[in-house]
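Asks: Here the protein sequences come in this chain order: A and B. For the first sequence, the numbering used here assigns the number 2 to the initial residue and increments by one for each residue that follows. For the second sequence, the numbering used here assigns the number 50 to the initial residue and increments by one for each residue that follows.
Hints listed in this document are in silico derivations from the structure and should not be mistaken for laboratory results. Please note: incorrect hints may appear among the correct ones.
Unchecked claim - For lysine to aspartate or glutamate, the following DMTMM-like pairs were computed, each having C-alpha atoms within a straight-line distance of at most 20 Å:
id	chain 1	residue 1	chain 2	residue 2
1	B	87	A	206
2	B	87	B	70
3	A	31	A	206
4	B	87	B	135
5	A	351	B	104
6	B	139	B	90
Take a look at the letters that make up each chain.
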Amino acid sequence: MRYSALSILKQGLTGNKSWKPVWREPEPKKSYDYIIVGGGGHGLATAHYLAKVFKGKNIAVLERGWIGSGNIGRNTTIVRSNYLLDGNQPFYEMSVKLWEGLEQDLNYNAMMSQRGILNLAHSDGQRDDYARRGNAMLMSGADAELLDRDAIQKMCPFLKFDDERFPIKAGLLQRRAGTARHDAVAWGFARSADQHGVDIIQNCEVTGFQIKNGKCIGVETSRGPIKANKTAVCVAGSSSRVMAHAGMRLPIESHVLQAFVSEGLKPTIPGVVTYGAGHLYISQSDKGGLVFGGDIDGYNTYAQRGGMPVVEDVCAGAMSIMPMVGRARVLRMWGGVMDMSMDGSPFIDKTHIDGLYFNGGWCYGGFKATPASGYCYAHLLATDTPHEHATDFRLDRFMRGNIIDEKGVGAQPNLH
Amino acid sequence: MIINHPLLGPRDANEFIHLGDASLINRPDGMADDAAEKFHDYLYLRDNPAGEYRELWYHDAGDRSWLVVTRNTLTHEISSVEMARDVARKQGRSK
């Protein structure tokens with residue numbers, strides 16, 4: 002069923018009785034051409050682009066729980082392309098372009114809202130750094146504007162401009178950045194993939210890989226063995242655990258990132274604002290809640306919850322740029338498990354095992370990358386060559402000395 | 050989290066900095082023929098288990114000792130805390 006204003010009207014007038022389930026619940030077949038392990042945002046996006054753009058046939062997505070139960074449902078929904086390095090920025094700009102046409106492509110309302118992201122600078126050096134970053138953004142085809150203090154004051158009068166230690170000096174604004182409805186992204190990709198013939202199989206945990214003579218010929222699952230010509234793992238958060246079944250050690254540690262939502266407030270924050278002297282990003286959801294987060298907790302964990310020191314740190318960060326948030330109460334907070342890679346950048350690559358592919362290491366930047374990650378992974382699966390914007394996301398980049406370290410902090414996942 | 054420091058007793062984990070896997074104690078031989086490969090694995094690859102995990106913590110806001118903490122990454126339960134120095138010595142290292 003194609004969604005339109007007319008279909009909503011018709012259903013509304015007839016008691017909403019003939020809506021159909023959005024995707025099928027098929028039994029797994031004995032074999033597929035492509036198996037995508039992981040029914041999160043990236044896995045479903047991969048299935049969508051593989052079936053729709055690259056005309057792949059006979060595709061299954063295997064999901065341990067229910068689709069969208071991982072980080073696609075646990076993030077702070079920010080979409081942006083304000084990176085610096087060559088290996089990253091063109092990829093993220095490709096992603097923003099895909100976001101801009103996503104709802105039409107999927108025929109699904111992902112509530113993409115390009116309300117802008119503003120990175121605050123608190124010193125002259127930081128302003129120069131943002132000017133450099135803005136230039137890198139412009140060169141990749143993205144938009145970027147360097148704002149002075151007056152322009153920021155017009156846009157966000159509620160910020161604390163005259164902090165003694167970290168006064169606001171300037172800001173880097175990307176107007177095309179924004180937020181999207183995270184669950185709807187997973188559901189939209191799932192619905193479209195299903196319509197293109199992809200089998201989405203939930204409650205089907207991959208427990209091992211069938212590897213013969215250096216080639217992966219299928220997977221073992223909780224619902225029996227399934228053969229596949231190509232097996233594509235896409236399980237960020239659990240990458241190390243799943244790839245251990247194939248005997249691989251990854252340049253990844255799992256860490257928890259917390260996120261927070263305040264009670265609903267009247268419209269306050271026009272877009273996303275980030276603090277340049279601490280680590281804090283804050284935006285306002287359509288329902289009015291302030292959505293914010295900051296640093297990861299900094300120790301390896303698979304528990305989807307964090308500790309109080311980071312809660313305090315994040316709230317202190319919010320207070321230092323927006324003192325008025327002290328009047329709002331935190332309504333909910335939660336944690337998601339991140340694949341923190343050694344240089345803070347992701348992987349979309351073949352493995353040394355034929356027929357086994359890997360996508361992961363998204364740190365806490367996975368949501369914005371969802372469409373481009375799916376597109377580039379589908380490109381790799383269909384053609385066995387990397388997409389031109391994902392050539393640097395290789396597993397062997399540390400061996401080759403070609404790391405993509407946006408922050409320049411080295412092989413220390415809890416600092417990225 | 051509370052880390053039960055062998056010398057100082059129970060301390061808030063907030064006083065510590067987490068470095069990573071306890072295997073980082075075992076620095077490879079830089080003069081070996083396969084040193085490049087060994088250092089790549091040492092620096093960049095991790096076991097990253099879900100469950101019991103041995104890791105290095107540095108008591109930054111305390112006595113600046115290095116500890117080897119055995120902690121469950123699913124429950125955050127800490128089962129043992131040792132001085133990293135003692136762990137290294139048990140492995141036959143004297144310095």
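Asks: Compare the structure with each hint and give your call.
Replies: Okay, the hints, checked on the actual structure:
Restraint check: the Cα-Cα separation between residue 87 of chain B and residue 206 of chain A comes to about 34 Å, which exceeds 20 Å; the hinted pair is violated. With a CA separation close to 16 Å, the supplied pair residue 87 of chain B and residue 70 of chain B stays within the 20 Å bound. As the CA atoms of residue 31 of chain A and residue 206 of chain A are separated by approximately 15 Å, the hinted pair is consistent with the 20 Å bound. Distance restraint check for residue 87 of chain B and residue 135 of chain B: the Cα-Cα separation of roughly 24 Å exceeds the 20 Å cut-off, and the hinted pair is therefore not satisfied.
For a cut-off of 20 Å, the pair hint linking residue 351 of chain A to residue 104 of chain B is broken: about 30 Å separates their Cα positions. Restraint check for residue 139 of chain B and residue 90 of chain B: not satisfied, since their Cα atoms lie roughly 23 Å apart, outside the 20 Å limit.
Going through the hint list in order, the structure does not satisfy hints 1, 4, 5, 6.
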